[in-house]
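J.: Listed below, chain by chain, are the residues.
2 protein chains.
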Amino acid sequence: MEIFEFLFFFAVILVAAKIFGELAMKCGQSAIIGELIAGVIIGPSVLGIVHKTATFGEIAELGAVILLFEAGLSTNIKEFARAGGWATAVAFVGVLLPYLFGYFTFLAFGMSTTSAIFAGAVLTATSVGITARVFLDLKKLDTEEAKIVLGAAVIDDVIGLVILAVVTNLVSGNEMSILSIAQISAKAVLFLAVVVGLGLLVISFIFDKIAKHMKQDGVIFVLAIALCLFVAALSKKVELAPIVGAFAMGLVLSNTKHVEAIKQGVKPLYLFLVPVFFVLMGTEVDISIFNLFVAENRNILMLAAILFAVAFIGKALAGFVVLKKNVNKLLVGVAMVPRGEVGLIFASMGLSIGVFQQQIYSALVVVIMLTTFVTPILLKIMLSKKQ
Amino acid sequence: MEIFEFLFFFAVILVAAKIFGELAMKCGQSAIIGELIAGVIIGPSVLGIVHKTATFGEIAELGAVILLFEAGLSTNIKEFARAGGWATAVAFVGVLLPYLFGYFTFLAFGMSTTSAIFAGAVLTATSVGITARVFLDLKKLDTEEAKIVLGAAVIDDVIGLVILAVVTNLVSGNEMSILSIAQISAKAVLFLAVVVGLGLLVISFIFDKIAKHMKQDGVIFVLAIALCLFVAALSKKVELAPIVGAFAMGLVLSNTKHVEAIKQGVKPLYLFLVPVFFVLMGTEVDISIFNLFVAENRNILMLAAILFAVAFIGKALAGFVVLKKNVNKLLVGVAMVPRGEVGLIFASMGLSIGVFQQQIYSALVVVIMLTTFVTPILLKIMLSKKQ
Numbered sequence: 002m003e004i005f006e007f008l009f010f011f012a013v014i015l016v017a018a019k020i021f022g023e024l025a026m027k028c029g030q031s032a033i034i035g036e037l038i039a040g041v042i043i044g045p046s047v048l049g050i051v052h053k054t055a056t057f058g059e060i061a062e063l064g065a066v067i068l069l070f071e072a073g074l075s076t077n078i079k080e081f082a083r084a085g086g087w088a089t090a091v092a093f094v095g096v097l098l099p100y101l102f103g104y105f106t107f108l109a110f111g112m113s114t115t116s117a118i119f120a121g122a123v124l125t126a127t128s129v130g131i132t133a134r135v136f137l138d139l140k141k142l143d144t145e146e147a148k149i150v151l152g153a154a155v156i157d158d159v160i161g162l163v164i165l166a167v168v169t170n171l172v173s174g175n176e177m178s179i180l181s182i183a184q185i186s187a188k189a190v191l192f193l194a195v196v197v198g199l200g201l202l203v204i205s206f207i208f209d210k211i212a213k214h215m216k217q218d219g220v221i222f223v224l225a226i227a228l229c230l231f232v233a234a235l236s237k238k239v240e241l242a243p244i245v246g247a248f249a250m251g252l253v254l255s256n257t258k259h260v261e262a263i264k265q266g267v268k269p270l271y272l273f274l275v276p277v278f279f280v281l282m283g284t285e286v287d288i289s290i291f292n293l294f295v296a297e298n299r300n301i302l303m304l305a306a307i308l309f310a311v312a313f314i315g316k317a318l319a320g321f322v323v324l325k326k327n328v329n330k331l332l333v334g335v336a337m338v339p340r341g342e343v344g345l346i347f348a349s350m351g352l353s354i355g356v357f358q359q360q361i362y363s364a365l366v367v368v369i370m371l372t373t374f375v376t377p378i379l380l381k382i383m384l385s386k387k388q
Numbered sequence: 002m003e004i005f006e007f008l009f010f011f012a013v014i015l016v017a018a019k020i021f022g023e024l025a026m027k028c029g030q031s032a033i034i035g036e037l038i039a040g041v042i043i044g045p046s047v048l049g050i051v052h053k054t055a056t057f058g059e060i061a062e063l064g065a066v067i068l069l070f071e072a073g074l075s076t077n078i079k080e081f082a083r084a085g086g087w088a089t090a091v092a093f094v095g096v097l098l099p100y101l102f103g104y105f106t107f108l109a110f111g112m113s114t115t116s117a118i119f120a121g122a123v124l125t126a127t128s129v130g131i132t133a134r135v136f137l138d139l140k141k142l143d144t145e146e147a148k149i150v151l152g153a154a155v156i157d158d159v160i161g162l163v164i165l166a167v168v169t170n171l172v173s174g175n176e177m178s179i180l181s182i183a184q185i186s187a188k189a190v191l192f193l194a195v196v197v198g199l200g201l202l203v204i205s206f207i208f209d210k211i212a213k214h215m216k217q218d219g220v221i222f223v224l225a226i227a228l229c230l231f232v233a234a235l236s237k238k239v240e241l242a243p244i245v246g247a248f249a250m251g252l253v254l255s256n257t258k259h260v261e262a263i264k265q266g267v268k269p270l271y272l273f274l275v276p277v278f279f280v281l282m283g284t285e286v287d288i289s290i291f292n293l294f295v296a297e298n299r300n301i302l303m304l305a306a307i308l309f310a311v312a313f314i315g316k317a318l319a320g321f322v323v324l325k326k327n328v329n330k331l332l333v334g335v336a337m338v339p340r341g342e343v344g345l346i347f348a349s350m351g352l353s354i355g356v357f358q359q360q361i362y363s364a365l366v367v368v369i370m371l372t373t374f375v376t377p378i379l380l381k382i383m384l385s386k387k388q
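Heads up: the sequence lines are chains Z and E, in that order. Per the working numbering, residue 2 is the first one in the first sequence, and the count goes up by one each step. Per the working numbering, residue 2 is the first one in the second sequence, and the count goes up by one each step.
This is chain Z alone, in the form it adopts within the complex:
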């Protein structure tokens, strides 16, 4: 790739991400939606200024790694415990229902089992960021509902990563059986447990030593990033997705006293790399699927509409497993609806390994965008009614 193109693409991606991110936020939406739309507009579908290249593919992957590393850093391990039983129940049901709904919808549309396996996975993980911001904006973060939702969303992420491991393995030619699914799940859980367990045991000691003996500027931050990249590479080596390792390493480092220094350094990297991830996802959306004159498109849009419905209903129903009084069950369920980064990662993996055609990928991205789009509006209505 020519260096001019490289620098120019990078500049365009960042500017477009910020402009459309800002517009989305002005409309009370998540910046992620803006960044995806930015990608659609500057990508081959509309303006054709930027297209995905090998280097940007790798930079986007790096962006996803940083995204999940930051998610890990921001997760308090103790929150898992604090989240409590209801959150865990909501998380599991909220993963299971959309998965099954998505899977069977795909089969009903005559798609292959492989793509159905992936499609179910796309619908599983809640994007906690969007929901948290709505609760925060309306000063409802300390309600019982908010606590259950945020706890569930964290557990959700981890379940999502395990599913990712299973799905990747299944699709890469391994036979699918209850045994193999159990094996891969066990491997993923074991990998996470070993990384987190070993990490918690030794990381504070090592980082304290480094902070004491190494005087270079930012050494803690750089070594934290290096460790994140290393464990991400390692998790790829054991056939898990790199983001699984990145999240685990973030989780480990969140428990050290250096977490603030690390987060401060990670933030600009996040601002620099994560938009590349979302914008590139947008560039791969083919908006010609909205051309209703093509019969196949009508079919795909019908699929998208049904997927959106089941994605919504699946999570909304999950709220009703909370058998506690004075908890607005529907509110809990609706708050879990937005899908985000993890779903997008599934979708783009499916595209890159050829499980999804570009039209199906585009439909899935649209479904994810819709879940993110409607939730803040509904939540605001429900929360203002409650007052």
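Be careful, since some hints might not be right.
A pair holds if it fits inside one copy or across any two, identical chains being indistinguishable in the list.
Stated by the list, open to error - Capping the alpha-carbon separation at 20 Å, the derived lysine to aspartate or glutamate pairs in EDC-like fashion look like this:
(1) Lys53 / Glu3
(2) Lys210 / Asp287
(3) Lys216 / Glu23
(4) Lys148 / Asp287
(5) Lys238 / Asp209
Don't read these hints as lab results, they were simulated from the structure. Treat the numbers as computed from the prediction; the structure is a model and nothing was measured.
Place chain E on chain Z using the hints.
T.: Showing chain E alone in chain Z's frame:
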């Protein structure tokens, strides 16, 4: 490039850079030397863990862009004026002498005119960072000598960038004549003048507007980086090196009230990307040139020794153009000896476009390392004598 290799290489590069950078600093040397050595050790020459790939070539280039952007951000435009006439004189003579010495040394060794043109350029630009740190460490930053040296080093950088423009154009097949050299120099100066002039005119206004109207986290930082990448791409388009544009943009933004916010964001990017640049330079050094049993190597090492001598003498002599009393002329000259990032960029460009063979490149990197290595030692002796 496989994603495992990408993440793993990145992790190894960062860890090696920090460890060897730390060791170098413990020996009173610049971290840059440590990072180059780290590259030599993990590269094909010794351990062979990491080798240069297309993606890392582009990330290293991005590192160089960030390096010069940061240099521009840290340069106060007013310092140019304050630097005064003596600094300007030292800068010009300190560029001219090493250039001519390097050029004729290469010709004397039977090298081609093209490689002699590049070799001269490698020896021109002083690395202000190393010298500044020594003055700072010995609490001599407010001396007359320090002011002349730091002023000259800044002017030096700009002259170096103009030479880079000329050299790149000459080597890319354009005929060499006084006229063409004048044309290219004029183009480079004009580009810098237009970017800086136009930038100074409008940038504060634009960034103030952005800060007022866009509420996203880190928007100023991201747009500053995007602008830097855009102007870097633009300078490539007009056949200048991207770092020329990056430096110019840094210079422009250094003059806004947002400079601190931008620098704070750039710092982690710098910590993340610049080591890739230096370590990769190290990986391309072929240490087999130190094998004295090979007759050709003896020749190359002789060339390196003479280059080092003229690189040293050329800058040392430049100090004597200061005709002011009470100024230690030799101290000024010696303080200008260290070459760094700009010289390395010349060397690696020469390697990548085939002007230098790998042995010659390796010799030049060793010369640059030597200038960086001896100066702090000599300066400390000279400064402690002066007391």
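J.: Could you run down the list of hints and mark each one as holding or not?
T.: A quick look at each hint next to the structure:
1. Lys53 / Glu3: both (14 Å within a copy, 16 Å between copies)
2. Lys210 / Asp287: neither (51 Å within a copy, 34 Å between copies)
3. Lys216 / Glu23: between (39 Å within a copy, 7 Å between copies)
4. Lys148 / Asp287: This pair counts as neither: shortest intra-copy Cα distance 38 Å, inter-copy 59 Å.
5. Lys238 / Asp209: Neither, since 29 Å and 47 Å both go past 20 Å.
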